[in-house]
Amino acid sequence: NAGVTQTPKFRILKIGQSMTLQCTQDMNHNYMYWYRQDPGMGLKLIYYSVGAGITDKGEVPNGYNVSRSTTEDFPLRLELAAPSQTSVYFCASSAQETQYFGPGTRLLVL
Amino acid sequence: GQQVMQIPQYQHVQEGEDFTTYCNSSTTLSNIQWYKQRPGGHPVFLIQLVKSGEVKKQKRLTFQFGEAKKNSSLHITATQTTDVGTYFCAESNTGKLIFGQGTTLQVKP
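Those protein sequence lines, which keep their order, are chains A and Y. In this text, residue positions in the first sequence follow the working numbering: the first is 1, and each later residue adds one. In this text, residue positions in the second sequence follow the working numbering: the first is 1001, and each later residue adds one.
With the rest of the complex left out, here is chain A:
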């Protein structure tokens, strides 16, 4: 099992550009999550999904969108990138309580 994979590893965006952060898990987990982690801070939940076709907002959803068309994939979309979205983004999945995290995507918005 590859676990949770994320692409890209690193990206630089200009203000106003859009991009999709990809997340895939091969553990057949129903639950998937997107977090952002700012330097020296904890993780803030952006969006989560309890199963294919179902998504819900977390603590900091503004400026982001998600979709969950399959159990495996949970892409995160930034439509109009802003400097405040400079962060490290982690995707995670879980079957029950324990969450398994991907390696993260470092995003820099200039």
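Calculated from the structure, these hints are not laboratory results. Remember, it's a predicted structure, so these values are computed and weren't measured experimentally. One or more hints might be untrue.
Said to hold, decoys possible - Partner residues aside, some chain Y positions facing chain A, computed with beta carbon under 10 Å: (1) Gln1011; (2) His1012; (3) Val1013; (4) Gly1040; (5) His1042; (6) Phe1088; (7) Gly1095; (8) Leu1097; (9) Gln1101.
Glycine included, C-beta positions come from ideal geometry on N, C-alpha and C.
With chain A held as given, fit chain Y onto it using these hints.
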């Protein structure tokens, strides 16, 4: 909303010294999880505590859940340089995790 407060934010210790991080909530926690994040890495699950007063050990790491289920602690005995990283507590609630701010541990060899 729910908040899990974690202290201290940073801790520098000499290798061989002990280390403790504390997690506190104003409300009763359903359970508490602990994660470790190495520098430049991603969070990795360590343990989950569910029962009031529960104590679990993993080698040099001791995890406790308070009697009132409002606080938890992680204690590392005789730290090693491999213990470096940020330790997060998190409450699991309806499938979501609410993370504390984390405690970053630096170990001087």
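Taking the hints in turn, this is what the structure says about them:
no. : hint    : verdict
1   : Gln1011 : violated (14 Å)
2   : His1012 : violated (15 Å)
3   : Val1013 : violated (19 Å)
4   : Gly1040 : holds (9 Å)
5   : His1042 : holds (4 Å)
6   : Phe1088 : holds (6 Å)
7   : Gly1095 : holds (5 Å)
8   : Leu1097 : holds (6 Å)
9   : Gln1101 : holds (5 Å)
Comparing the model with each earlier hint shows violations of hints 1, 2 and 3; every other hint is respected.
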